[in-house]
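Undergrad: Sequence:
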Amino acid sequence: VRELEEEVGIRVIEQAPFEHLEYDYPDKSLKFDFITVSQFENEPYGREGQEGRWVAVGELGDYTFPEANVPILQRVVKEFA
7 VRELEEEVGI RVIEQAPFEH LEYDYPDKSL KFDFITVSQF ENEPYGREGQ EGRWVAVGEL
67 GDYTFPEANV PILQRVVKEF A
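Under our numbering, think of the first position of the sequence shown as 7, with each following residue one higher.
There could be a bad hint or two in this list.
[To be verified] Per label pair, the in silico range of CB-to-CB distance: (1) L66 x H26: 27 to 33 Å; (2) K84 x G55: 29 to 35 Å; (3) P32 x E65: 19 to 25 Å; (4) V7 x F86: 18 to 24 Å; (5) P23 x A87: 28 to 34 Å; (6) P72 x V43: 19 to 25 Å; (7) I78 x Q56: 15 to 21 Å; (8) I19 x F86: 18 to 24 Å; (9) E9 x K34: 28 to 34 Å; (10) G55 x Q80: 16 to 22 Å.
These are calculated hints, taken from the structure and not from any lab test. Beta carbons: idealized from backbone N, C-alpha and C, even for Gly.
Given these sequences and hints, build the entire structure.
TA: Written as structure tokens, this is what we have:
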């Protein structure tokens, strides 16, 4: 939740756990805790200059993501499309 404020400038009001994911690259291991956010304050923007935009869930396949993100993106599409 803190990362959302630091990275995209929103303050989370309501959230729920969504998925815990671990992914191993040859040179590093990653652990992710994903949440769903149902209510937040402020308009999201890239606080560190990164580009961002809202897209429909069904359009996520049109974008390139890191390999570690594929399993969670598949679940997002399955549950929210």
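Undergrad: State for each hint whether it applies.
TA: Structure-based check of all given hints:
| no. | hint | verdict |
| --- | --- | --- |
| 1 | L66 x H26: 27 to 33 Å | 20 Å, violated |
| 2 | K84 x G55: 29 to 35 Å | 32 Å, holds |
| 3 | P32 x E65: 19 to 25 Å | 31 Å, violated |
| 4 | V7 x F86: 18 to 24 Å | 20 Å, holds |
| 5 | P23 x A87: 28 to 34 Å | 20 Å, violated |
| 6 | P72 x V43: 19 to 25 Å | 21 Å, holds |
| 7 | I78 x Q56: 15 to 21 Å | 19 Å, holds |
| 8 | I19 x F86: 18 to 24 Å | 20 Å, holds |
| 9 | E9 x K34: 28 to 34 Å | 18 Å, violated |
| 10 | G55 x Q80: 16 to 22 Å | 29 Å, violated |
Going down the numbered hints, you'll see the structure goes against 1, 3, 5, 9 and 10, while the others check out.
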